[in-house]
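Given chain A's structure and the hints, the job is docking chain B onto it.
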Amino acid sequence: DTGVSQDPRHKITKRGQNVTFRCDPISEHNRLYWYRQTLGQGPEFLTYFQNEAQLEKSRLLSDRFSAERPKGSFSTLEIQRTEQGDSAMYLCASSLILAGAYNEQFFGPGTRLTVL
Amino acid sequence: QKEVEQDPGPLSVPEGAIVSLNCTYSNSAFQYFMWYRQYSRKGPELLMYTYSSGNKEDGRFTAQVDKSSKYISLFIRDSQPSDSATYLCAMSARYGGATNKLIFGTGTLLAVQP
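Each protein sequence line maps, in turn, to chains A and B. Residues 7 to 122, numbered by this note's numbering, are exactly what the first sequence covers, in order. Residues 55 to 168, numbered by this note's numbering, are exactly what the second sequence covers, in order.
Possibly wrong hints are sitting among the right ones.
[To be verified] Residues from chain B shown here face chain A by an in silico Cβ test under 10 Å; the list is partial:
(1) Tyr86
(2) Asn154
(3) Leu156
(4) Phe158
Derived by calculation from the structure, the hints in this document are not laboratory data. All residues carry an ideal CB built from backbone N, CA and C; glycine is no exception.
This is chain A alone, in the form it adopts within the complex (with noise of 0.2 Å):
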């Protein structure tokens, strides 16, 4: 399979712990989004890279979050201190970017969080 995958499926946790989650892209991708969708909503923009540059960070995104894709390949999204409002369903996609053309991203099956 040479889609986006994401890791793990399911997280359930307790509040105030930590957790991480893992995408990785589809290869020679140069682009990266991480998305979070709740129940009833569609997906919100979190952050994304460009290779391995943190280019843009959403307002959604708290200090309790961060982002890494170091050496622009497999990136991870770690949450600390979870609250019950973090839960939500994480996505990530990939995209790669060719000027001039449209870049369709393609999303990954996410990554269900859920904090007790």
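Frame of chain A, contents of chain B only:
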């Protein structure tokens, strides 16, 4: 007010019906308009995209964009039970020739009854 508004439904139609899904938006900078389909507990998958105004057809699906009214539509002809899913509209501005972050609607839950 959200940048993108979409009726959440749910929408239930009989098999073979024509389905019309719509979104409105407020940001004039949006240049790319997408429709994604999302099955339960899965990631969204792209159905169609349109650049600027106009129509685009792909099999049973037709996307329309009216930038003057800030209104986009997706039509599904001869709907099938396998079309049952959540349909998300998404939009993005164009920066330096490349698409950027996607702004999604809330999604419309569609059920096609056999």
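Status of each hint after checking the structure:
1. Below 10 Å, beta-carbon pairs count as interface contacts, and Tyr86(B) has one with chain A at about 7 Å; its hint therefore holds.
2. Here the hint on Asn154(B) is kept, as its CB sits about 8 Å from the closest CB of chain A, short of 10 Å.
3. Because the closest C-beta pair between Leu156(B) and chain A is about 6 Å apart, less than 10 Å, the hint holds.
4. A hinted interface residue such as Phe158(B) counts as satisfied when its beta carbon comes closer than 10 Å to some beta carbon of chain A; here the least separation is about 3 Å, so the hint holds.
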